[in-house]
Amino acid sequence: MSHHECCCGCNDNREAVRENAKAALTPEIVAFIEECAADAHPESQLIRVLHRVQGHYGHLGREQMDAVAQLLQVPASKVTGVATFYHFFRLEPRGKFMISVCLGTACYVKGAERVADRLQEELGIHFGETTKDGLFSLNATRCVGTCGLAPVVVVEDKVYGGMTPDQVPAILEKYTKKA
Amino acid sequence: MSQQQMINLTIDGVPVTVPKGTTIMQAAEQKLGVKIPRLCHHPKLSIQGSCRVCVVEVKGVPFYMASCSVQVWEGMEIQTNSPAIRQARRDILELLLDNHPRACLTCVRDGNCELQNLAYTLGVRERLFDGERKRFPIEKSSVSIVRDAEKCILCGRCVRVCAEVQGVHNLSQQGRGFTTHVAPAHGDKMDDSVCIQCGQCINACPTAAFVGHSDSDRVWKALGDPTKHVVVQTAPAIRATVGEGFGMAPGTPATGKLVTALRRLGFDRVFDTNFTADLTIIEEATEFLNRFKNNDRLPLLTSCSPGWVNFMERFYPELIPNASSCRSPMSMMSSLIKSYYAKKEGIDPKDVFVVAIMPCTAKKFEAQRPEFATPDGGQETDASLTTRELIFMIKSYGIDLAELEDGEFDSPLGASSGAADIFGTTGGVLEAALRMAAEVINGEPPAQMEFVEVRAVEGLRVRELKVNNDLTLRVGVSNGLQNAKKLLDKVVSGEEVFHIIEVMACPGGCIGGGGQPYPPRGYTILDPKLLAKRAKALYTIDLNKDVRSSNHNPAIKALYDEFLGEPGGETAHRLLHTHYQPRLPRGIR
Chain A
133 MSHHECCCGC NDNREAVREN AKAALTPEIV AFIEECAADA HPESQLIRVL HRVQGHYGHL
193 GREQMDAVAQ LLQVPASKVT GVATFYHFFR LEPRGKFMIS VCLGTACYVK GAERVADRLQ
253 EELGIHFGET TKDGLFSLNA TRCVGTCGLA PVVVVEDKVY GGMTPDQVPA ILEKYTKKA
Chain B
2 MSQQQMINLT IDGVPVTVPK GTTIMQAAEQ KLGVKIPRLC HHPKLSIQGS CRVCVVEVKG
62 VPFYMASCSV QVWEGMEIQT NSPAIRQARR DILELLLDNH PRACLTCVRD GNCELQNLAY
122 TLGVRERLFD GERKRFPIEK SSVSIVRDAE KCILCGRCVR VCAEVQGVHN LSQQGRGFTT
182 HVAPAHGDKM DDSVCIQCGQ CINACPTAAF VGHSDSDRVW KALGDPTKHV VVQTAPAIRA
242 TVGEGFGMAP GTPATGKLVT ALRRLGFDRV FDTNFTADLT IIEEATEFLN RFKNNDRLPL
302 LTSCSPGWVN FMERFYPELI PNASSCRSPM SMMSSLIKSY YAKKEGIDPK DVFVVAIMPC
362 TAKKFEAQRP EFATPDGGQE TDASLTTREL IFMIKSYGID LAELEDGEFD SPLGASSGAA
422 DIFGTTGGVL EAALRMAAEV INGEPPAQME FVEVRAVEGL RVRELKVNND LTLRVGVSNG
482 LQNAKKLLDK VVSGEEVFHI IEVMACPGGC IGGGGQPYPP RGYTILDPKL LAKRAKALYT
542 IDLNKDVRSS NHNPAIKALY DEFLGEPGGE TAHRLLHTHY QPRLPRGIR
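Which chain is which? The protein sequence lines are A and B, in order. Read in my numbering, the first sequence has 307 at position 175, and its numbers run on one by one without any break. Read in my numbering, the second sequence has 244 at position 243, and its numbers run on one by one without any break.
Honestly, the hints are just simulated from the structure, not real lab data. Backbone N, C-alpha and C define an ideal beta-carbon position, used for all residues, glycine too. Take the hints with a grain of salt, since some may be wrong.
[Unchecked claim] Short derived list, chain A residues pointing at chain B, Cβ under 8 Å:
| id | residue |
| --- | --- |
| 1 | N145 |
| 2 | R146 |
| 3 | Q177 |
| 4 | A208 |
| 5 | V211 |
| 6 | T212 |
| 7 | C275 |
| 8 | G277 |
| 9 | G280 |
[Claimed, not checked] Using 27 Å as the maximum straight-line C-alpha spacing, the simulated DSSO-like pairs for lysine-lysine come out as follows:
| id | chain 1 | residue 1 | chain 2 | residue 2 |
| --- | --- | --- | --- | --- |
| 10 | A | K242 | A | K306 |
| 11 | B | K486 | B | K45 |
| 12 | A | K228 | A | K310 |
| 13 | A | K309 | A | K228 |
| 14 | B | K486 | A | K154 |
| 15 | B | K190 | A | K154 |
Based on the sequences and whatever the hints tell you, model everything.
Put into structure tokens, the structure is as follows:
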């Protein structure tokens, strides 16, 4: 009797799907995920993995999240559920330099709002946005734990204390040159 | 072993004793018959404790406790209905309602909505907290399931049924705070997701955040079109459940009344999917016996359940070669109606409109598979309606099904054996196949028609069946795909060897399908008591039939003689078989 079968004979797409997933990440991250996948409860490693991915790419892209799901064997709905729940994770690309303006109580009292206004004016963006040239992202943050230096702006890992609106252009220029 | 520790407590002043580990909700229900209001809780799903509707007062505890998730302790004093707790519950419900559309009058679940029922029983008579309400568009990408996140109360029952019962994990809560909503990964459309369209989310939803896609308007239109010859077929499981929509006790067979109702609705012919269930058995048993003889691609996996077929294509594509190539009874019937029947009646197949009444939402997807397209680009099954949609149509017409006289299916595609009826319950397809296979192998019909060993009231069953002194078949029966996974993983790894595995996507088989009526009063979805009653209806119909084996259905024999030729032959293959393909995204299992 005749049989109706898949014409391509390649029903098992497991390896192909895995290879696609690996291609969406760096070899280092793939190795890290494989280590995590060997854990008795891989799903409990999900946040660690997402941290690692965002650490490298600056945000969590669709392709990367799907790849994490396949390699860690955690349902994709769960991966994106976690990624969209935590404020820490970003789904959109961020600028090369992340500027965080502290709007905590101490900084606010010392005039952080004026600094924030100046930053938005100079960059032409609002909080949560990235400049068109992809250089700067602007974030409002709460206390960074250096109230003695208020008002504080953090660019990348560097903390600028005692900020005034007039210091803003010089700082931005420094990073523009660095890029 | 030590005896189970017992806990003494009082509920509403009544002293009761229950085993350690019992929740407050369970204790109140078991000992006092008090059903504490609930939304997110379901006895067959994990505890979530998110809706807070089931709160009770516990003496000495300074806050209200969720009775679904708190286990009783020695000396506990509980109030389930004090004025304060009644007020708190009503406030909690009002807050849920005020983030919910005021659309009951136009909602498809009007009258059988748990949220609406609760608003009534808790005495919500006015809306006090009129504030901002979440806004989401209705998502209609899927041919079977409509998602309306505005009606969602975030109870998570759909998320849990999709993960814990079906093992699909397509749904999860996305986002946080006010924008939290239930959706597939990335907030994608259902159509772009790993959804297998089983419809259990519809069954599990207490409101109308998930509802079936309605095709009844297309059917009304066809019925009103004088140029169309409208033919209907009804699946085995419908006769066991349709009566529930008209106040008949669960488990009351309603085959004859169903036929009369369909005729009243205006269908030109009323055929029985049971006929092609018998045909499926002939083809599938032939396929199995061939594979068995050649020790080729065993175990044979049944393929009648379209939710399972979707699951296989996304989650277990490597098992595609094992799946039976037989089309489902629905698709066999539609294929025969538009070839054999149309020719016999001298009607142009283009003028024939085939409606299938199915217990299933995934059948809507099956109906529009390109494999089942007609040469003119239409579908062999023009419309697939769920039991719920049929109940709506009958009511909408003004007919009370319970009061109808019995009718008879039309011939030639209406006669069936008892083996076909039991297709509608888990284990039924396998039992039907065994009735025929045993006869072919042994040369005489089995002494006992009932293969009770495969009647799986639970979700998973593995049995060794002695067919004769030399031959024992190892068979598996599963319903609910989380159960199927357990067998399929063993097949993939080669850890265990089976000859046949019957897989039904829905818990209990088609009687628990995603298109079946919402449970009547006193029952919940996934309720073993309800499923057992529905199954009994089918076993009773089977028992009362003269012909109980598919290969003894005279109408089937006539069809092979007149039209199909040999089982598994060329015509049979063209009209009754199909193929499958892997689909992406691949599911995580």
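Against the structure, the hints:
1. N145: holds (5 Å)
2. R146: holds (7 Å)
3. Q177: Since chain B brings no Cβ nearer than about 15 Å to A/Q177, farther than 8 Å, the hint is violated.
4. A208: Result: holds, 4 Å to nearest chain B Cβ.
5. V211: holds (7 Å)
6. T212: Given a least distance of 5 Å, the restraint on A/T212 holds.
7. C275: violated (21 Å)
8. G277: Violated - the Cβ of A/G277 stays beyond 8 Å from chain B, reaching only about 24 Å at its closest.
9. G280: Result: violated, 33 Å to nearest chain B Cβ.
10. A/K242 <-> A/K306: holds (24 Å)
11. B/K486 <-> B/K45: holds (18 Å)
12. A/K228 <-> A/K310: holds (11 Å)
13. A/K309 <-> A/K228: holds (13 Å)
14. B/K486 <-> A/K154: holds (26 Å)
15. B/K190 <-> A/K154: Satisfied, since the Cα-Cα distance of roughly 25 Å is no more than 27 Å.
The structure is inconsistent with the numbered hints 3, 7, 8 and 9, although it conforms to all the rest.
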